[in-house]
Amino acid sequence: MEIVEEGPFRFRIPREGGMRVPGVVFATRDLLPAAAGDQALLQVMNVAALPGIVEASYAMPDVHWGYGFPIGGVAATDTAAGGVVSPGGVGFDISCGVRLLAADCDRDRLAPRLRSLMDILGNRTPRGPGRGGVWHLDARQLAEVLVGGARYAVEQGHGVRRDLDRCEDAGVLSGASPEQVSERALERGLGQVGSLGSGNHFLEVQAVDAVYDESAARAMGLRERQVCVMIHCGSRGLGHQICTDHVRVMDRAMSRYGIEVPDRQLACAPTHSDEGRAYFAAMAAAANYARANRQLLTEAARRAFGETAGCGLELVYDISHNLAKAETHDVAGAGLDLCVHRKGATRALPPGHPDLPRDLATVGQPVLIPGTMGTSSYVLAGVPGGGAWHSTCHGAGRVRSRHRAAREVDGRRLRADLEQQNVAVRASSWRGLAEEAPQAYKDVDAVVRAGEGAGLCRRVARLVPLGVVKG
Amino acid sequence: MRGRSTGAGSADSERLARPAGHRSVPHTADLRIEAWGPTRERCFAEAVQAVTGTFVDLTDATGTTLRSTVIRADRDEDLLVALLEEIVYRLDTAGEVPVEVGLTAVPGGLEAAFHCAAVGSLPQTGAAPKAVTLHGLACDRGPEGWSCSVTLDV
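Keeping their order, the protein sequence lines are chains P and Z.
Residue numbers are given in full-length UniProt numbering: position 432 of the first sequence equals residue 432, and the series is strictly consecutive.
Residue numbers are given in full-length UniProt numbering: position 114 of the second sequence equals residue 114, and the series is strictly consecutive.
The hints are simulated quantities; they were obtained by calculation from the structure and are not laboratory data.
Bear in mind the structure is a predicted one, so any value in this text is a computation, not a measurement.
All C-beta atoms in this analysis are idealised placements derived from N, C-alpha and C, irrespective of residue type, glycine included.
Where hints are given, some of them may not hold.
[Unchecked claim] Per the computed footprint, the stretches of chain P lying under chain Z, defined by three or more beta-carbons under 8 Å from a beta-carbon of chain Z, are: (1) 47–61; (2) 244–255; (3) 259–267; (4) 283–294; (5) 351–360.
Produce the entire structure from the sequences given, and follow the hints as far as they go.
Right, here's the structure in full:
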């Protein structure tokens, strides 16, 4: 594999074999995947072979080895030219994303109440494997969630109208069809609305540690020393089952469309095919589930803050990092309708974009980048001319496998170390905690600097952890 | 966890006496497991054990509920995926984890008897799998028996 350094934050993988476009990796040399056996860059090349892909197969600074698509991959296909949609380009956890809430108190005021707040959040936030969610639904209500997303949750009293103003797509992705969701997916989703799940998902109490852009931070509702809550989760078992189901359908259908892919997890179908449309309708349903899920966890966090600290929480923004969207972009002077896959990558709309909330129009879209338990998280904003279809990173990006992290890190010791740094930890299991150790990830500061250096985003604020509830 | 298997042709294969086993191997995104055994059913039972062993400690577990199902697929590797998907499905919908699995070959597939325990009754040791991927999926029969490898999303 040839990798050409085109600039300080940009590498190109020239076309070869079945690649229809080159690969472009936004990173520094230090951030390029380096672990032995890591196939992330090979996966960038594999994605470049998808029918209808335009411009490049992009990778963000946090790119790492996924399955089919790399995590941190962005690919757009031209829908009018037989471009495909690939469920693997969205990922299993459809509309997995990050929500940031800003408290009307600062860290000094919260400090004496932090332990009891973390205990309540730890006890009341459903997490870990299996069933359990704060919202108990029947089948009819679940169907409403799939169509109405966070808007339905707010209509049912689980939030306020302003929440929707600060959600991507106003909290509901159009085109959802519960009829395209299998019985098994519905069964898995029924008992999990309002839950974190496990793996790298979390609810974290944070404080604004630095502000880089005062006016943007003010417009978003952030100021120095302010307490925040970051929630990272997605569409739980329902989204995973939808991805599973539709990968199977496309795996079988590809030969009818004359499509061959180098990895079965890249199974795809033309966006305008029956299979493509069915996936989009089911994907939108899962996206709405994910938004409702984060809305319900927001309500639970608000209640905990109200009881322990007597302060409220306002939504800064809610944004997905696993999604495919129909978007129109300028390609070689022509406006093309594209299917933009972001797998572990975040949309980053520039100032002035019509899809922004009015009060953020001059600022650009907030981009929420969770770090790791012991490090910083970031609030970024979209920039004019941002590359990769207005996309940027989504997190720190793994460098060590869960296997290796669990072998090298003792979960109890990690918790003690974090407590020493005044980060209160409420874990589901010691091994699960060890798997998410900060050293298992890239340096989030370097990832964000690379994103900014590559012209994908700009920094607005840095957040530091005060307490974490781990999924 | 214990695995049991019976199936057409298994007696011949068992005579090859290939040891059965499993392990997890590094993958930066998720969980990758490998399993092997003298027969397909034993190999797949080891794969089940490999998956459950990543998130719960089954050392002292006892199966309290029997769940039987027939799984069919055109290819052995897809049969393996479908079998492991049953673990994920039962965990999400019933909060159950298979402590022991009995696999019997049937035409076009497998009959699986899962002896399950409630996940809440078991020590949790890691993040649970949420899906089975097709990335790097392999299932091979060699002169010494069967081997498989599969990547799971956690």
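Verification of the supplied hints:
1. 47–61: violated (count 0)
2. 244–255: holds (count 3)
3. 259–267: holds (count 4)
4. 283–294: violated (count 0)
5. 351–360: Since 0 is below three, the answer is violated.
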